[in-house]
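So the protein sequences, as listed, match chains A and B. Quick note, the first sequence lines up with residues 0 to 368 if you use numbering that gives the first Met the number 0. Quick note, the second sequence lines up with residues 0 to 284 if you use numbering that gives the first Met the number 0.
Just so you know, the hints here were simulated from the structure itself, not pulled from any lab data. Any given hint might turn out to be false.
What the hints assert, rightly or not - Keeping only pairs whose Cα atoms sit at most 25 Å apart, straight-line, the calculated PhoX-like set for lysine-lysine is:
(1) A:Lys140 to B:Lys81
(2) B:Lys247 to B:Lys278
(3) A:Lys233 to A:Lys181
(4) A:Lys164 to A:Lys151
(5) A:Lys151 to B:Lys91
(6) A:Lys181 to B:Lys227
(7) A:Lys151 to B:Lys66
(8) B:Lys91 to B:Lys81
Claimed, not checked - Cβ pair distances, simulated, as ranges:
(9) A:Gly112 to B:Glu224: 49 to 55 Å
(10) B:Arg41 to A:Glu90: 56 to 62 Å
(11) A:Asp200 to B:Met178: 15 to 21 Å
(12) B:Glu224 to A:Glu44: 49 to 55 Å
(13) B:Pro128 to A:Ala214: 30 to 36 Å
(14) A:Gln228 to B:Pro128: 33 to 39 Å
(15) B:Met1 to A:Asp132: 48 to 54 Å
(16) B:Asp34 to A:Leu148: 44 to 50 Å
(17) A:Gln223 to B:Gln2: 51 to 57 Å
(18) A:Gly112 to B:Met178: 45 to 51 Å
(19) A:Tyr256 to B:Gln179: 34 to 40 Å
As the list claims (entries may be wrong) - Reference listing, derived: stretches of chain B covered by chain A, where coverage requires no fewer than 3 residues with Cβ under 8 Å from a Cβ of chain A:
(20) 157-165
(21) 233-243
Every residue, glycine too, gets a C-beta built ideally from N, C-alpha and C.
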Amino acid sequence: MAVIIFKPTEKCNSNCIYCDVVARKDQHVVMSFDLLELVFKNIDEFLKSKPEEKLTLIWHGGEPLLLGLDYFKRALEIQDKFCLDTKQRIEHAIQSNLTLINQDFIDVFKQMGIHQIGTSYDPYPHMRGPGADRDTDTYNKKFFEGLNLLVKNNFGWGFIYVVTKRSLENPLDVFYLLTNFKMSGGFMMNPVLIYGEDKNDIAITPEEYSDFLGAIFPVWWRNQDRFPQVDPFKSLVTNIRDKQKSLGCADSGTCAYHYAYIGPQGEASHCGRAGDWQIISYGNIKERSLIDIYGDAQRDALAQRNDVLSKSDCKDCRLWYICHGGCPLDAFTKHQGFHHKSAWCEAKKGFIEKYLEPITGLKAEDHEG
Amino acid sequence: MMQHIIVCPFNQGLIDRLHSRQLVIQDNNCDRIHDITRVGNRQNRIHSIFLNLREPFGAVPFHESWKGIPLNISCPEMGFFKDVAKKLPLIKQLKLRVFLSSDHKNTYTQLRILSSLGIPCGIMFGELPVHWEALNDLMVYSVYGKAKHASIEPFQYIISHYRSVGRTDFSSVYFDNPMQFLHCSAEGKIALSAKDLAAGNFISENIDDLDRIQELPAFAERKNEWQKFFLKNSICASCPGWRVCLGKYAVQAETDPGCKQFYADTMDAADFYRMKNEKEQEVWR
Chain A
0 MAVIIFKPTE
10 KCNSNCIYCD
20 VVARKDQHVV
30 MSFDLLELVF
40 KNIDEFLKSK
50 PEEKLTLIWH
60 GGEPLLLGLD
70 YFKRALEIQD
80 KFCLDTKQRI
90 EHAIQSNLTL
100 INQDFIDVFK
110 QMGIHQIGTS
120 YDPYPHMRGP
130 GADRDTDTYN
140 KKFFEGLNLL
150 VKNNFGWGFI
160 YVVTKRSLEN
170 PLDVFYLLTN
180 FKMSGGFMMN
190 PVLIYGEDKN
200 DIAITPEEYS
210 DFLGAIFPVW
220 WRNQDRFPQV
230 DPFKSLVTNI
240 RDKQKSLGCA
250 DSGTCAYHYA
260 YIGPQGEASH
270 CGRAGDWQII
280 SYGNIKERSL
290 IDIYGDAQRD
300 ALAQRNDVLS
310 KSDCKDCRLW
320 YICHGGCPLD
330 AFTKHQGFHH
340 KSAWCEAKKG
350 FIEKYLEPIT
360 GLKAEDHEG
Chain B
0 MMQHIIVCPF
10 NQGLIDRLHS
20 RQLVIQDNNC
30 DRIHDITRVG
40 NRQNRIHSIF
50 LNLREPFGAV
60 PFHESWKGIP
70 LNISCPEMGF
80 FKDVAKKLPL
90 IKQLKLRVFL
100 SSDHKNTYTQ
110 LRILSSLGIP
120 CGIMFGELPV
130 HWEALNDLMV
140 YSVYGKAKHA
150 SIEPFQYIIS
160 HYRSVGRTDF
170 SSVYFDNPMQ
180 FLHCSAEGKI
190 ALSAKDLAAG
200 NFISENIDDL
210 DRIQELPAFA
220 ERKNEWQKFF
230 LKNSICASCP
240 GWRVCLGKYA
250 VQAETDPGCK
260 QFYADTMDAA
270 DFYRMKNEKE
280 QEVWR
């Protein structure tokens with residue numbers, strides 16, 4: 000499965016405190032329709048060259064709904080025109096802050112085959128919202144209106160909560176709030192990732208993240224009926240107890256040839272994070288085909304990472320099979336190279352050894368052999 | 000679309016304007032029970048008669064002819080045990096639930112007595128602060144108690160309606176959940192709750208709107224009222240018991256967070272009840 004993190008615009012109507020796009024990118028560019036056509040022509044060519052392959056186009060931003068309704072309608076027309084034989088193998092997904100969503104958008108998304116939306120949520124004031132002060136009240140009011148519309152249309156939704164220094168004050172309060180907000184689970188608690196200066200004083204260490212999770216985990220473990228799909232708990236337990244491999248992109252060790260990022264001017268990179276941090280450049284879709292982008296030699300360094308790490312940083316690590324050294328981009332931010340483990344490995348290891356294993360009695364063991 | 004149950008005063012003119020409805024008819028006079036039954040069942044169906052009485056429960060003049068009539072009676076207190084004991088054989092034949100006010104200092108003990116006598120009962124939250132510890136003890140007795148006893152509300156409602164991944168609104172026990180009940184004034188004005196009715200805060204002043212209430216924006220707003228706790232960043236939003244309390248004690252919680260432990264324990268009790276039932280079903284499968 001090929002996945003393109005697709006950002007026809009990186010404009011945003013919010014100024015979220017932890018967002019790299021807000022901090023780093025020119026937010027005024029919108030991908031032209033000519034370029035959009037070129038992207039779909041490339042997707043068609045790519046899929047024709049790989050008859051068994053499917054492709055997921057994740058509309059991302061910034062806030063993709065700022066593109067406007069007509070942009071999505073036009074994208075569908077372009078897809079119909081240029082991907083006549085391959086469109087059945089194209090899947091659309093979208094990540095939105097929901098503040099601009101309306102019924103018209105939802106109707107178009109249904110036509111695109113989208114029936115669930117990924118979003119993010121932060122209950123605390125001045126973390127998300129428009130303006131320098133981050134007007135949370137306005138933002139959250141719109142967010143809930145959007146959410147109600149999703150529910151009315153039977154759309155699924157999940158969210159990411161970014162764990163910052165502020166979250167550390169009372170982890171259980173955070174957890175109860177998030178689980179009261181989304182009772183059927185379906186959310187992920189990710190650490191804030193800062194590449195560069197921590198201007199807002201929100202960064203946390205891997206150990207702090209581990210302890211944050213550790214403060215919550217016993218409650219989750221005891222009450223899994225109440226809090227079914229809370230990650231990273233659910234996925235870790237699934238991997239360790241149920242021996243079902245369910246790893247995200249950062250931990251799978253297989254990201255080398257699956258992902259691509261295409262930005263508003265056609266710039267290509269490895270994934271959303273690589274694009275946001277401007278760490279890897281695969282050139283521009285105007286000059287290189289998607290086939291070439293997916294075959295870029297720089298990906299080989301990522302592919303070799305498993306071999307290198309299993310003999311160096313991660314040698315003999317019993318958690319290798321659920322971590323694979325973590326996200327190579329995270330490793331790059333610290334070491335300026337991919338062939339190192341991520342600092343967040345320590346968070347995972349710390350959490351498993353200090354909390355998950357003693358509390359559950361489970362033992363993380365490599366079942367790959 | 001679900002049809003609401005209508006909560007209204009005993010007013011013949013009003014009730015005759017309603018057709019094919021389920022009614023909760025409120026009154027404060029035991030002597031009118033038969034009239035209420037006759038009028039209420041004429042072209043509608045009585046869901047329950049809710050009597051708000053001033054006398055203690057033991058002083059209520061129960062009568063054989065009340066058998067089969069669904070009655071909810073709210074009293075300030077139980078009264079003398081000997082009075083209740085004397086009427087017990089008849090009371091136990093009635094389709095009755097009695098509510099006692101939480102404002103009375105002995106209510107928690109009295110409810111336990113009534114329950115142990117086999118009389119379905121419940122607590123009616125009053126104006127004074129709730130004694131959370133006593134309420135918790137009563138809940139534990141109601142849910143975990145092994146000696147035979149009748150149900151106590153709102154605990155029974157919570158444990159039997161609780162879904163582990165949803166919100167449970169026990170206002171239904173008091174016929175006050177706008178997703179299930181609508182309140183109607185004698186003039187036919189419609190409110191979403193008893194409090195709204197008392198405050199004159201009507202969602203519609205036209206009784207003919209009863210079937211389209213769910214289409215009104217104010218109804219959708221009320222349906223999503225739970226979200227205000229998140230919008231206002233209320234302490235209730237991060238309470239482990241919020242799913243079954245839904246912020247009903249938000250004001251009190253600011254100074255007395257006793258509700259937090261109580262509702263968290265009640266959720267545990269609900270889980271216990273669910274698991275117990277699942278186990279029993281397994282045995283009989």
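Status of the hints after comparison with the structure:
| no. | hint | result |
| --- | --- | --- |
| 1 | A:Lys140 to B:Lys81 | violated (57 Å) |
| 2 | B:Lys247 to B:Lys278 | violated (33 Å) |
| 3 | A:Lys233 to A:Lys181 | holds (15 Å) |
| 4 | A:Lys164 to A:Lys151 | violated (35 Å) |
| 5 | A:Lys151 to B:Lys91 | violated (46 Å) |
| 6 | A:Lys181 to B:Lys227 | holds (14 Å) |
| 7 | A:Lys151 to B:Lys66 | violated (44 Å) |
| 8 | B:Lys91 to B:Lys81 | holds (15 Å) |
| 9 | A:Gly112 to B:Glu224: 49 to 55 Å | violated (34 Å) |
| 10 | B:Arg41 to A:Glu90: 56 to 62 Å | holds (59 Å) |
| 11 | A:Asp200 to B:Met178: 15 to 21 Å | violated (44 Å) |
| 12 | B:Glu224 to A:Glu44: 49 to 55 Å | holds (52 Å) |
| 13 | B:Pro128 to A:Ala214: 30 to 36 Å | holds (31 Å) |
| 14 | A:Gln228 to B:Pro128: 33 to 39 Å | holds (38 Å) |
| 15 | B:Met1 to A:Asp132: 48 to 54 Å | violated (43 Å) |
| 16 | B:Asp34 to A:Leu148: 44 to 50 Å | holds (48 Å) |
| 17 | A:Gln223 to B:Gln2: 51 to 57 Å | violated (37 Å) |
| 18 | A:Gly112 to B:Met178: 45 to 51 Å | violated (33 Å) |
| 19 | A:Tyr256 to B:Gln179: 34 to 40 Å | violated (55 Å) |
| 20 | 157-165 | holds (count 3) |
| 21 | 233-243 | holds (count 6) |
The structure is inconsistent with the numbered hints 1, 2, 4, 5, 7, 9, 11, 15, 17, 18 and 19, although it conforms to all the rest.
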